[in-house]
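Participant: Use the sequences and the hints to build the structure in full.
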Amino acid sequence: MIGYNPKDWWKLIFAFHRSDTFRFLLPGIIGVSVYTGVVAYIENDIFHASFKNTTVVHSLVGFVLSMLLVFRTNTAYDRWWEGRRLWGSFVNNSRNLALKLNAFLPKDNPARETLRILITNYIFAAKEHLRSGVHPKKLIPLGQYDADFYSNKKHIPNNIMGAIYQEINNLHTQRIISGDRLILLNYELQSFSDNLGGCERIKRTPIPYAYSLFLKKVIFLYVFTMPIGFVIEFKYWAIPIVAIIFYVFASIEVIAEEIEDPFGTDANDLPTDSIYETIKENLEEIL
Amino acid sequence: MIGYNPKDWWKLIFAFHRSDTFRFLLPGIIGVSVYTGVVAYIENDIFHASFKNTTVVHSLVGFVLSMLLVFRTNTAYDRWWEGRRLWGSFVNNSRNLALKLNAFLPKDNPARETLRILITNYIFAAKEHLRSGVHPKKLIPLGQYDADFYSNKKHIPNNIMGAIYQEINNLHTQRIISGDRLILLNYELQSFSDNLGGCERIKRTPIPYAYSLFLKKVIFLYVFTMPIGFVIEFKYWAIPIVAIIFYVFASIEVIAEEIEDPFGTDANDLPTDSIYETIKENLEEIL
Amino acid sequence: MIGYNPKDWWKLIFAFHRSDTFRFLLPGIIGVSVYTGVVAYIENDIFHASFKNTTVVHSLVGFVLSMLLVFRTNTAYDRWWEGRRLWGSFVNNSRNLALKLNAFLPKDNPARETLRILITNYIFAAKEHLRSGVHPKKLIPLGQYDADFYSNKKHIPNNIMGAIYQEINNLHTQRIISGDRLILLNYELQSFSDNLGGCERIKRTPIPYAYSLFLKKVIFLYVFTMPIGFVIEFKYWAIPIVAIIFYVFASIEVIAEEIEDPFGTDANDLPTDSIYETIKENLEEIL
Amino acid sequence: MIGYNPKDWWKLIFAFHRSDTFRFLLPGIIGVSVYTGVVAYIENDIFHASFKNTTVVHSLVGFVLSMLLVFRTNTAYDRWWEGRRLWGSFVNNSRNLALKLNAFLPKDNPARETLRILITNYIFAAKEHLRSGVHPKKLIPLGQYDADFYSNKKHIPNNIMGAIYQEINNLHTQRIISGDRLILLNYELQSFSDNLGGCERIKRTPIPYAYSLFLKKVIFLYVFTMPIGFVIEFKYWAIPIVAIIFYVFASIEVIAEEIEDPFGTDANDLPTDSIYETIKENLEEIL
Amino acid sequence: MIGYNPKDWWKLIFAFHRSDTFRFLLPGIIGVSVYTGVVAYIENDIFHASFKNTTVVHSLVGFVLSMLLVFRTNTAYDRWWEGRRLWGSFVNNSRNLALKLNAFLPKDNPARETLRILITNYIFAAKEHLRSGVHPKKLIPLGQYDADFYSNKKHIPNNIMGAIYQEINNLHTQRIISGDRLILLNYELQSFSDNLGGCERIKRTPIPYAYSLFLKKVIFLYVFTMPIGFVIEFKYWAIPIVAIIFYVFASIEVIAEEIEDPFGTDANDLPTDSIYETIKENLEEIL
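Protein chains in written order, with the numbering used here: chain A, 315 to 601; chain B, 315 to 601; chain C, 315 to 601; chain D, 315 to 601; chain E, 315 to 601.
What the hints contain is simulated information worked out from the structure, not anything from laboratory work.
Any given hint could be a false lead.
Any copy will do: because identical chains look the same in the list, a pair fits if it lies in one copy or spans two.
DSBU-like cross-link-like pairs, simulated, lysine-lysine; straight-line CA separation at most 30 Å [what the hints assert, rightly or not]:
hint: 1; residue 1: 517; residue 2: 468
hint: 2; residue 1: 468; residue 2: 421
hint: 3; residue 1: 451; residue 2: 531
hint: 4; residue 1: 468; residue 2: 549
hint: 5; residue 1: 451; residue 2: 517
hint: 6; residue 1: 452; residue 2: 468
hint: 7; residue 1: 594; residue 2: 517
hint: 8; residue 1: 594; residue 2: 451
hint: 9; residue 1: 594; residue 2: 531
hint: 10; residue 1: 452; residue 2: 594
hint: 11; residue 1: 594; residue 2: 468
hint: 12; residue 1: 325; residue 2: 451
hint: 13; residue 1: 517; residue 2: 325
hint: 14; residue 1: 517; residue 2: 467
hint: 15; residue 1: 321; residue 2: 531
hint: 16; residue 1: 531; residue 2: 421
hint: 17; residue 1: 594; residue 2: 421
Facilitator: Here it is, written out as structure tokens:
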């Protein structure tokens with residue numbers, strides 16, 4: 315995620331950040347401009363065509379297209395924000411779990427460190443699992459939970475969670491944590507897995523294929539039929555007009571695509587690296 | 315569900331996938347084109363009719379129709395996404411239940427395998443139950459829970475869940491699982507039935523009949539009155555215009571119909587088969 | 315609720331089902347047509363009036379009216395879907411409660427039958443309570459819980475729920491159900507009352523009076539001022555135009571009114587009768 | 315709240331109820347009409363001004379204004395409906411609490427009456443607290459909980475809730491209610507305070523000042539610049555046109571203002587008085 | 315937050331509050347006016363340019379821009395309202411926790427005061443933590459929990475919560491609070507951390523960079539190309555027209571920016587100071 319000041323209008327208007335859709339769409343914009351120029355030349359200078367009121371069709375379709383793009387934007391943003399919410403829940407659960415364990419465990423119990431490291435590793439593994447996969451070597455080793463323990467596992471976060479459950483269960487068997495307190499710890503443990511499952515769901519399920527297909531086809535149809543009518547009314551002025559309309563409509567779709575899978579390392583993705591650091595710091599301070 | 319790269323614009327624009335609405339609507343598009351051609355011939359070449367500003371009525375109605383189609387799209391997508399959420403919850407619950415059982419049960423207790431198979435069967439049965447029904451032979455048999463056990467039952471997932479409750483209750487009666495731990499297992503068991511109930515609700519309750527009826531009538535009225543005014547202004551150009559507008563409006567309705575019941579095996583349906591495989595693998599790794 | 319195939323376009327387009335708004339609005343449509351004809355005759359043939367660009371005002375107001383109608387549609391649909399959700403929750407709770415009771419109670423305990431009948435009666439009473447009221451005679455009598463028990467009660471579902479609580483509490487006092495298990499049963503019992511309360515809320519609280527009043531006034535104003543401007547531009551063609559626009563706008567309001575209280579026996583109401591049958595069957599199979 | 319039949323169109327269209335925005339806005343409508351008349355006289359009869367296509371600007375701004383008004387309507391309605399939901403939750407919680415207490419407490423325990431009166435008083439106090447404040451004299455006195463007990467308290471509902479917690483805790487200390495059952499009672503007690511807090515939140519937090527300010531300014535700008543362009547095109551017909559548009563736009567804002575704080579005694583407010591009566595009756599029947 | 319009467323139209327229309335966007339945008343409005351004047355002079359008086367129907371492009375783009383601005387407004391308002399909800403939850407949790415502690419703790423137990431002060435400090439620290447940071451000196455000192463205790467901590471609210479958990483756990487170890495009662499206290503303690511985590515999430519995650527960038531670019535493009543077409547049709551009248559349109563569109567973005575981070579001390583921010591006072595008073599009255 316990029317840190318930025320949303321109130322700095324001039325900087326944002328003239329910024330051409332690498333994640334700016336303008337940069338990404340530039341070849342498309344040039345292509346559309348050239349195409350419009352050619353249509354304008356053919357219709358006006360060769361055929362001298364003329365018909366009336368030709369923009370009405372694009373108004374009609376433009377309306378429904380705008381609404382579909384806003385639907386697209388809403389769903390993409392909802393996924394992004396749900397992803398943020400799930401990672402916020404990781405922060406909350408880590409804190410609550412640490413606060414409870416701190417209150418329940420004697421100051422010198424070695425389970426404190428074990429659980430702190432395991433939770434930290436769980437968050438790290440969750441973060442990497444949602445990207446390209448977890449390197450067991452990058453996890454903090456501790457006692458039996460070393461790189462060997464983690465290798466050969468298909469779903470590393472699940473295995474770490476298994477270890478956490480096992481450790482807490484042992485504390486219960488050793489009567490260090492009472493049954494009532496075990497119930498108090500349940501919500502956070504359960505929620506960790508639920509959050510990760512939620513993130514996997516967002517990552518693996520883009521918007522239905524039919525909508526992705528349909529929206530791109532309609533944008534294409536819309537922009538490539540536009541010059542036919544517009545060059546008669548606006549002559550060569552149609553070139554910037556069509557280019558701007560293409561830029562606006564295609565950008566909305568492009569941003570939605572980028573936002574929709576928010577766990578990577580792109581400019582608009584969620585700051586899962588820094589959330590991990592926050593959790594690590596919180597755990598070290600509390601536990 | 316189709317795996318696809320949402321960022322590959324050209325491929326998506328020119329793809330004519332079997333699930334593409336263009337293919338499905340092709341007969342309709344041809345019909346609308348022929349009809350528009352006939353209207354154009356009659357009005358322009360026979361009656362030489364002329365009136366002014368005739369597109370305004372279609373703008374007015376087009377507006378409210380677009381908004382209704384977006385309402386339709388939103389409700390259909392909400393069902394699809396809720397279905398996905400419920401199946402995501404199956405994944406989470408299976409994991410959490412397995413993690414808890416793994417921590418609670420001794421390593422050599424045969425209930426481990428029994429419960430793993432029962433949960434796997436439950437998910438399989440849920441998946442098939444939401445399609446054409448469950449074949450008892452396709453379930454993994456184990457001890458008393460064989461094909462005979464499952465046959466003659468009306469609602470097989472309920473019966474499997476009954477067996478799971480029974481097994482866990484027996485573990486409690488045998489004092490292997492304490493009362494506090496029984497409380498910890500409750501949430502996941504309950505949630506399995508809630509999820510399946512949610513899926514049944516989505517499957518059995520399409521959008522109210524009145525909306526389905528009304529939307530189709532308005533699209534029909536809209537498209538079939540369109541040529542009357544448009545052929546005067548656009549002559550034979552009205553043919554592609556009306557065809558495109560029909561394609562855009564009808565597609566939105568058609569996609570919504572497809573998305574709204576997401577548990578089948580269509581191109582846009584949820585990947586419940588692969589979710590089942592994921593759950594099976596997770597259970598095998600953990601328990 | 316009407317069972318229908320949402321993909322059967324022709325049938326839906328030409329169906330004139332008794333719940334179709336077209337049938338309901340027919341007198342209104344005829345009235346509007348006659349009124350428009352009269353206005354057309356007066357303006358065009360008597361006064362020969364003429365002014366320009368008269369449709370712009372109806373575009374402006376049509377826009378805001380469309381958006382209000384979509385707001386209306388959304389709120390009505392939300393109630394309908396929440397009602398469906400609450401009845402889906404009745405199904406889930408009955409199943410979970412039955413599954414738990416089946417695991418907790420010895421096979422020969424008479425409380426099994428008592429509770430099965432009481433839950434079945436509760437759902438039946440809830441269904442009737444949301445319509446015209448419960449006939450005690452229609453409930454399944456069992457031991458002390460016969461028609462006499464139910465008569466003279468103001469709120470019959472509450473009384474049945476009271477009996478269920480009493481029965482389960484007795485099982486706890488008799489040490490058949492332990493304290494931990496009592497906690498496990500709590501969620502479903504509580505949820506039954508919450509669901510019924512939710513349905514009562516939907517039934518008793520239509521959309522605020524001010525919106526109902528305002529929307530009908532604006533539709534009236536809109537449709538009855540429409541011919542004044544339209545007959546100049548479209549002559550007698552204004553008759554079908556105004557009739558269609560009236561049909562489209564008034565239908566949205568009419569459907570919303572029908573959908574908003576979904577517990578009756580109308581064509582678009584929820585299938586609470588068949589949900590009751592499902593619950594009854596489920597309970598008989600499990601318990 | 316006004317009871318009304320939403321299907322009685324004619325009555326609603328011609329009703330001029332005291333809560334009708336038409337009545338409230340009448341002075342404004344007259345003012346706008348006079349102003350438009352004056353502008354029409356000056357522009358047409360004095361300056362004989364003329365420019366073209368002047369309605370396009372109002373279309374553009376009218377569009378964004380309509381969308382903001384729908385945003386306003388949605389947020390106001392959401393508050394109203396959330397308020398209704400919270401009061402529905404009061405009904406559900408009272409019922410569940412009464413059902414549980416009925417099952418847990420011996421038939422002759424005086425705590426039954428005490429708790430019934432305290433819960434009834436809590437709902438009454440909540441209702442009054444959300445209006446102008448609670449008169450201790452209006453609460454039902456019982457033993458130590460008389461008018462003196464309630465006077466001198468800043469937040470009376472909190473104090474009643476404190477008494478309820480105290481009573482139930484005493485029952486636990488006296489071993490009449492076991493620890494497990496205490497846990498079962500917790501949800502409802504907690505939810506009472508949460509509901510009241512939710513109502514206080516809705517009451518004390520109107521829509522952000524910036525939106526209220528901005529919307530009123532834009533409606534003002536919109537309506538007062540409208541005659542400048544419209545009188546040229548529509549002559550004195552601009553008077554009813556501008557009056558109608560003012561009526562429609564201002565009404566939406568006015569209704570939203572009325573709906574947004576739903577706990578008073580206005581025509582569109584929630585029927586908290588009759589909900590209180592329902593709760594009182596339910597409690598008397600159950601406990 | 316500013317207290318205001320939403321029904322006082324005249325005051326709001328003519329108020330130029332320091333938080334009014336008009337004041338903030340004044341330099342921009344003047345700039346846009348001058349720019350439009352220059353364009354008008356060049357096009358009309360120097361080049362005598364003329365083309366037709368030039369407003370249609372701005373209608374098309376204006377439509378999609380309006381919808382994006384409403385999307386922006388919705389997301390900003392949702393954050394603001396979620397923030398309000400979280401602070402409302404602080405109020406509810408403090409009350410419930412105090413009510414429970416009051417019932418559970420003997421009248422003379424010193425833990426009453428300790429916990430009251432700690433909860434009060436937690437809310438104060440949460441409030442300041444969401445602004446510029448917590449000054450340990452401003453917290454109420456009590457016994458070991460004095461300014462020294464709080465200094466050198468990175469995340470002060472977490473440390474206070476740790477102390478609360480510790481105190482309550484000690485009460486449990488001393489058998490003053492039973493295990494069942496400990497479970498009853500869990501929800502509120504957990505919810506405090508969840509609420510603060512939720513506020514941190516809102517504060518640290520503005521709308522995705524891509525949307526902020528894109529919206530500002532489109533508003534800029536829209537307003538700065540507008541005079542090119544408008545001065546031909548409206549001559550020097552284009553100056554107020556473009557200025558008004560700029561004011562309306564830019565205001566929506568500016569308000570959304572202000573609303574989106576609602577924990578500061580701006581005019582539209584949440585009244586966290588007065589909510590803190592309410593909680594403090596409630597706690598003093600109950601505990």
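Participant: Against the structure, test the hints numbered earlier, and report the numbers of the ones violated in rising order.
Facilitator: 3, 4, 9, 12 and 16
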